[in-house]
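Enquirer: Sequence:
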Amino acid sequence: MSREPSERATPLTMERIVGAAVDLADREGMDAVSMRKVAEELGSGTMSLYRHVPTKDALVVAMVDAVTEEYAYPDSPEPNWRESLQILGRRDWDMYAAHPWMAEATTKPVASPAMVRSMEWALDAIAELELPLEDAASAILTVSTYVQGSARIALAVPAGTDIGAAWNETMKGVPLTGRPMLSELTRQLASLDAETMMLSGLDMVLDGIAARAARRGRLADGP
1 MSREPSERAT
11 PLTMERIVGA
21 AVDLADREGM
31 DAVSMRKVAE
41 ELGSGTMSLY
51 RHVPTKDALV
61 VAMVDAVTEE
71 YAYPDSPEPN
81 WRESLQILGR
91 RDWDMYAAHP
101 WMAEATTKPV
111 ASPAMVRSME
121 WALDAIAELE
131 LPLEDAASAI
141 LTVSTYVQGS
151 ARIALAVPAG
161 TDIGAAWNET
171 MKGVPLTGRP
181 MLSELTRQLA
191 SLDAETMMLS
201 GLDMVLDGIA
211 ARAARRGRLA
221 DGP
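Take the sequence shown: its position 23, counted from the start at 1, is 23 in UniProt numbering, and no numbers get skipped.
Derived from the structure by calculation, the hints contain no laboratory data. It is possible that some hints are incorrect.
[Unchecked claim] Quick list of simulated restraints, FRET-style, between CB atoms:
| no. | residue 1 | residue 2 | range |
| --- | --- | --- | --- |
| 1 | Met14 | Glu104 | 45 to 51 angstroms |
| 2 | His52 | Glu184 | 19 to 25 angstroms |
| 3 | Asp26 | Ala211 | 34 to 40 angstroms |
| 4 | Gln188 | Lys56 | 25 to 31 angstroms |
| 5 | Lys56 | Glu120 | 24 to 30 angstroms |
| 6 | Leu182 | Tyr50 | 33 to 39 angstroms |
| 7 | Glu128 | Met14 | 48 to 54 angstroms |
[As the list claims (entries may be wrong)] Straight-line distance between alpha carbons at most 25 angstroms, and here's what the computed BS3-like set of lysine-lysine pairs gives:
| no. | residue 1 | residue 2 |
| --- | --- | --- |
| 8 | Lys172 | Lys56 |
| 9 | Lys108 | Lys56 |
| 10 | Lys37 | Lys56 |
Heads up, the beta-carbon is just placed ideally off N, CA and C, and yes, glycines get one too.
Required output: the full structure, derived from the provided sequences and hints.
Expert: So this is what it looks like as structure tokens:
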């Protein structure tokens, strides 16, 4: 008796297509994702996918949406804007660690439903600073791109190697005589991991946002 085609046994759905594409990207990177390879993952014909998703670009948007939803921020921001943006930074960092391709896929705006909800959440979180919306958007973008950039640097380091150890390996053979600051930095970095460095830098970014808000408040109050 011949086997029924897999797509008859398990109906092809958008959720299955996106899940297979995300799994493929997690294993092999975003460059490996094509309609043909996703169809192979599902044991389906390539043309069958087009009944559910019109283009690869639309598939990527759906992938980003699914992963963003997986790492959605809490239902409501914390009472304190700083705690909220720390949550934003940590969630994004965890997302990039679990799905490295997201650090590349989100380098340009993706207007998916989950991304739109995330943007609104972040604007609500920072509203207490009473910044003009343009400044608030810049602050959120600064936090997001800082974490994203840090993740891309960390992901470039060989698996199982801390960023400090990678730095030390890079600096081997570099003459540091007469460069006391760089020598001390190299020594200190040896014991640091990428997440610790990211969180330290995130605090600096948040300090800058707080200073900007305080300065605008003083200007608004007048001399």
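Enquirer: Are any of the numbered hints broken by this structure? If so, which, sorted upward?
Expert: 1, 2, 4, 6, 7 and 8
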